[in-house]
Amino acid sequence: MEITAKQRKPMIGAQKLFSTKNMVMMAMLGALSGLLMYIQVPVPFAPSFYKLDFCDVPVLIGSFALGPAAGAVIAAVKILISLVLRGTQTAGIGECSNWVQACSLAIPAAILYKRKKSKHSAIVGMAVGVVFMVVVACFTNSYILLPAYAKAFHMPMDALIAMGTALNPEIDGLMGFVLLAVAPFNLLKGTLVSLVTILIYKRISIIIKNR
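Each residue of the sequence shown is one higher than the one before, counting from 819 in the working numbering.
No wet-lab data here; the hints were simulated from the structure.
The structure presented is a predicted model; accordingly, all values stated were derived computationally and were not measured.
It is possible that part of the hints are untrue.
[As the list claims (entries may be wrong)] Straight-line distance between alpha carbons at most 30 Å, and here's what the computed BS3-like set of lysine-lysine pairs gives: (1) 937 <-> 834; (2) 937 <-> 1020; (3) 839 <-> 1020; (4) 869 <-> 1020; (5) 834 <-> 934; (6) 839 <-> 932; (7) 839 <-> 935; (8) 932 <-> 834; (9) 937 <-> 839; (10) 839 <-> 969; (11) 969 <-> 834; (12) 934 <-> 869; (13) 969 <-> 869; (14) 834 <-> 935; (15) 1020 <-> 935.
Given the sequences, and given the hints that come with them, work out the whole structure.
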């Protein structure tokens, strides 16, 4: 059986992604991302279990430099490191949600950047990625993450929502919690991660591409 050109192209792409050099770089970026998860800053408009970090900066940088698939791998390495070092209180659900949200930011941004590698397309890609991240975060928090937290900490959902109400009286239910706490938190995180990436990507990409 002959391998056609269409079949050969994905195989070559996979070989390139998982070359020794790329695997080393993905592992390094994933390790850095995992360590950055420990540097967390609380935000005044969301409950204490939402803390701002910059662990997705290496994910976004790797996605731009090595491609969207590499970003997903780097995000997975980040989660594995977190599970090894910190364990999980939500049976891995919180960590899976974190991976999905990281990919929702990095993959759309990298796809748009790959079409035309320019600063403008990178900015547009990150803006689209931030929107995706906010939408995905709202969905996962509503139906997956908040129920997982409630079960892990043996608290009713109303108690978690009340933590948001204490910070913002406008939060009067799950929908209000998502729109006034979850969405602003992820919008802020995605925007700050994107800004940092814009500032340092050019210098870091030179190291990655000339490794």
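Results of checking the hints against the structure:
1. 937 <-> 834: Satisfied, since the Cα-Cα distance of roughly 25 Å is no more than 30 Å.
2. 937 <-> 1020: holds (10 Å)
3. 839 <-> 1020: OK: residue 839 and residue 1020 at ~19 Å, within 30 Å.
4. 869 <-> 1020: Holds, at roughly 28 Å.
5. 834 <-> 934: holds (20 Å)
6. 839 <-> 932: holds (20 Å)
7. 839 <-> 935: holds (22 Å)
8. 932 <-> 834: holds (16 Å)
9. 937 <-> 839: Measuring from Cα to Cα gives roughly 25 Å; hence the hint holds.
10. 839 <-> 969: violated (42 Å)
11. 969 <-> 834: The given pair, whose Cα atoms are some 42 Å apart, is violated under the 30 Å limit.
12. 934 <-> 869: Distance ~34 Å between residue 934 and residue 869 Cα, so the pair is violated.
13. 969 <-> 869: holds (20 Å)
14. 834 <-> 935: holds (19 Å)
15. 1020 <-> 935: holds (12 Å)
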